[in-house]
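Work out the full structure: start from the sequences and follow the hints.
Keeping their order, the protein sequence lines are chains A, B, C and D. Mapped onto the UniProt record's numbering, the consecutive letters of the first sequence carry residue numbers 1 to 319. Mapped onto the UniProt record's numbering, the consecutive letters of the second sequence carry residue numbers 1 to 319. Mapped onto the UniProt record's numbering, the consecutive letters of the third sequence carry residue numbers 1 to 319. Mapped onto the UniProt record's numbering, the consecutive letters of the fourth sequence carry residue numbers 1 to 319.
No wet-lab data here; the hints were simulated from the structure. None of the values given here were measured: they were computed from a predicted structure. Do not take every clue at face value.
If you want the footprint, here are the derived chain C segments under chain A, 3+ residues with CB under 8 Å [unchecked claim]:
#1 24-31
#2 178-188
#3 252-258
#4 263-270
In this text, a Cβ means the ideal position worked out from N, Cα and C, and glycines have one as well.
There are 4 protein chains.
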Amino acid sequence: MKKIAVLTSGGDAPGMNAAIRAVVRRGIFKQLELTGIKHGYEGLMAGDFIPLELGSVGDIIQRGGTILQTARSEAFKTEEGQRQALGRLRENGIEGLVVIGGDGSFRGAQKLVQLGFPTVGIPGTIDNDIACTDFTLGFDTAVNTVIDAIDKIRDTATSHERTYVIEVMGRHAGDIALWSGVAGGAESVLIPEKEANIDDITARLLQGHKRGKKHSIIVVAEGVANGQTIGELIREKTGFETRVTVLGHIQRGGSPSAFDRMLGSRMGAKAVDLLVEGGAGVMVGMQNNQMVAVPFDQALSQPHSLPLALYELGISLSI
Amino acid sequence: MKKIAVLTSGGDAPGMNAAIRAVVRRGIFKQLELTGIKHGYEGLMAGDFIPLELGSVGDIIQRGGTILQTARSEAFKTEEGQRQALGRLRENGIEGLVVIGGDGSFRGAQKLVQLGFPTVGIPGTIDNDIACTDFTLGFDTAVNTVIDAIDKIRDTATSHERTYVIEVMGRHAGDIALWSGVAGGAESVLIPEKEANIDDITARLLQGHKRGKKHSIIVVAEGVANGQTIGELIREKTGFETRVTVLGHIQRGGSPSAFDRMLGSRMGAKAVDLLVEGGAGVMVGMQNNQMVAVPFDQALSQPHSLPLALYELGISLSI
Amino acid sequence: MKKIAVLTSGGDAPGMNAAIRAVVRRGIFKQLELTGIKHGYEGLMAGDFIPLELGSVGDIIQRGGTILQTARSEAFKTEEGQRQALGRLRENGIEGLVVIGGDGSFRGAQKLVQLGFPTVGIPGTIDNDIACTDFTLGFDTAVNTVIDAIDKIRDTATSHERTYVIEVMGRHAGDIALWSGVAGGAESVLIPEKEANIDDITARLLQGHKRGKKHSIIVVAEGVANGQTIGELIREKTGFETRVTVLGHIQRGGSPSAFDRMLGSRMGAKAVDLLVEGGAGVMVGMQNNQMVAVPFDQALSQPHSLPLALYELGISLSI
Amino acid sequence: MKKIAVLTSGGDAPGMNAAIRAVVRRGIFKQLELTGIKHGYEGLMAGDFIPLELGSVGDIIQRGGTILQTARSEAFKTEEGQRQALGRLRENGIEGLVVIGGDGSFRGAQKLVQLGFPTVGIPGTIDNDIACTDFTLGFDTAVNTVIDAIDKIRDTATSHERTYVIEVMGRHAGDIALWSGVAGGAESVLIPEKEANIDDITARLLQGHKRGKKHSIIVVAEGVANGQTIGELIREKTGFETRVTVLGHIQRGGSPSAFDRMLGSRMGAKAVDLLVEGGAGVMVGMQNNQMVAVPFDQALSQPHSLPLALYELGISLSI
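Shown next, in the form of structure tokens:
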């Protein structure tokens, strides 16, 4: 193998730049030539390629977003699109590809593998919703962003009998809500994996109130309901004033945490090593602090599961 | 004068603790005894008083919120409430009062002055909506919180043709929106002081888009419209995807900035100096970097005016 | 078991408050009475005890330092001191103890166990220098603090041919230096576990310089040499200007990261569960994301080992 | 005037990029063509010029450092160097120049003015050591960086009888030390403008200690002494343990604060307006929140004076 390429796809996540840097530097360290593909699969089909040198990835490890930019592509879901992409890779002498993205991106990568093109995936998404890896790239940073918001709200929450509702990302996975809720000391956390019982929540609020608690913080994953709706329900049922914060895309940005920079660096280097060793059709995962190769089939067929023990822990600590 | 008290009232603001610390320490430095009143005017009427020593205000200059807590009080708006408060002050041997809060709080303070009780105000509110002072306590921190959010959104905004709408605080004053919009490099800023023309905004968006701009950030003061509404209007008129963030009470919290700690320290010390010198019925203001005494009448009768030159500056820099 | 106590000992670490909170809340959740011991073993011998309620640990999960304060104690190293401590525990009806600290603190805890008192340890130290746990409490936050400093230095480093040397904590363990160096994108990292070869380092600097690199960042663990010394050596050997930063105790402070809050919460709850179940003489460790009980003997007899693969990774990524 | 250029010179400062952006955008808004000069006067003499478009300065307002890079130049101090520079400007059709830097940079700018070339200066330096402007660009960010460090140290300082010494930048001006000391709640501040009396400092330490204060923070401007020396002096005279932090170049970096972004935006726009209106040989200053033009002669001949009232304030608040 003499030349490989790297792209980012789907929603961006902090740490993607650290992974790109690692792919490039490890590649060059292993005597490979490196190509960057811009705008994900769209750029792959369009041949939007740039050469990447050591210096191209200097000063990016600390940056949010992705220097290669990202996109979602409908065209690449067709076989025609995939064959076009393959042609672009071949005509540029590229022999291996690293795809950084979420499960949708891996389904795309799988198609290339099926067409005979060596591809390795890196799970880059803030949602932590991919199976067979303990953490996805960007999750730790997103949770830190949310707890910073919770901390600020707690500062101001000391003197009013109010309930603060914070809506966070997570359509299908409650990981961000759960981690930030427990680490932020929230009174209740609503996640898609656990049926929300609004009566339980209000009972806990009223009980805390009776004990002298003046304020409460509720974290809601967007996949459960929007924050406004939950705020109104609580107001109706308890009579407490509620205030709603919708963090939105703030959660995707920011300089990556140490954890995500290290994770991106390790995953990027491992992806190159796998390609060089002839591995393909696999995602790099972190299992028990080790980098492992997980076949796409396996990663995509298993459901991501959130550790419900942490949910129980949260309940017992927010009494 | 031998004994004075301090309270915080209305919405809390970062820097209030720095001001409390300065009142206490400057007071003790001037041989006074110090009393803290909890929960604003509610606590004043209820006699919810605590003694404050040098050590009571150690390690608080960096904290958001207010260690004295704050509240809004309907009862204090009645003469009965005011007389009750006066009684509490007199029976505790308190001879002067510092009130940290916004214009509503100052109206309360004015009542005490009219009843013959020496009171001095410190403008503590993130909204910067008080006349006769260049800045209010908490404003600088709030703007820094908002630009931090804008920065994070910009990280993620590089690859989609999307418009990001950020709703910030400011019911009647557009200062937070204007400062954070200009300092955050937003494409458009909607403030109550300037009639919003959605067609101008979309024209700017479309023009930027034509020039190759992939993303745009719009900052909206809550007094103009809610973020969701603006997001939908823009989507309808441009066809661009929009994403909305509602920062909410995050803007009230956080460790105060250096500017707000210095401002709180200076205002707190000045308030004590004024009381000792027999000044009363005044608000401490900052004008041209100097601490000045502004009669409540004057501060409350003049409208706060936002420097529209900054608005024009923003327009010329976000072309 | 009806009543247990908790203390923090040795150097403080971010996340200790999260652990204290978890011990208290989990204890109360399990119907126990809770006592806080101030100033570590000094306070234990002196009987400096306070009752801890649900509300005592409200609003502390986000705070650096430890609300129980900490100390090092020479007196507790004597059998007399230990027997005095035991007496204090018994006379207060305390039946179990959680000690949050480093290896020195665990040696103390072991003495109590040998005297028949049920004690469980939580590894709280920024140095990550304890065996049998993947991470110690406070390490993640400390590394994030260091990379924030490195990021700031990189901002200013773009235009001068200078070498920036950053001295970080770590007398015997290079974990902080290694993680922050790799995550910060440093050119070289000097750790106690790996003999420093100043000629290699300068060779790398000169090679980078030849390739057009204008600046370099070197991270040095204090256990290797002080930053000033390294800076002068490099200046002598390369002729480059050098600038030195000594981060010092900044690394111990700051609001704990999400990771450390979660780790503290999990370890605190686990410690209580272990005491209740009759476990004692063990440290709570995190192995492969699971909470485990490790006998003190084992944790204290094994050397902590730093993953040298990360060192090699760093080398290959900073070419 | 049809074409102007901008350069940054001397030590970099947060907010320089905001100023560059404002020069470029305001220039284009006024129908000018814009040129960026890299590496300060060195690049000016070498003709290291790049065209700057609207998009060239997108996404930089939040970045520390300077995209134009900076340098110090000995060659430009000679008349030969200055004439060479002038030739470069003329041969590129440039008719006006904005220089962002400190007093050394302005002395260079003055030379160009004397040779008949319209030049306007923007005071960009973290030291706040320039006369005729209330604040220099970068100062607010630097002070916020220092208080963040002080906050972290205070977290960890609660339980040991220790004195923490923090050495900050400021060879001739004590502004950073004074502001960060007062805003950080330091016990003592040592600045070049005020003779340091180590006996006063130790007397304050001992007095605080007697009152029960367990820890103290001393901020020292590098122009007074290095932190290590002060630390040792204090240890000798009080017997207290001391710990030293040397912040170094961390103070130059980081994302600019809202204040510095606004200041940079206003100064950049004003500089262009002045050039267009035929003004030259002036520095843009901020006086009483207004942008003003100050002749270089005046700005360079007057000493910068630090408001000693703030020093007295600090003393009265840290009793």
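Tested hints:
Coverage of the stretch 24-31 of chain C by chain A holds in this model, with 4 residues showing a Cβ closer than 8 Å to a Cβ of that chain against a need of three. Note: the stretch 178-188 of chain C has 6 residues with beta-carbon separation from chain A under 8 Å; the three-residue rule is met and the coverage holds. Here's how the stretch 252-258 of chain C fares: 3 of its residues keep a CB closer than 8 Å to some CB of chain A, so the rule of at least three is met and the hint holds. Closer than 8 Å: that is the beta-carbon criterion, and the stretch 263-270 of chain C has 3 residues meeting it against chain A, so the requirement of 3 holds.
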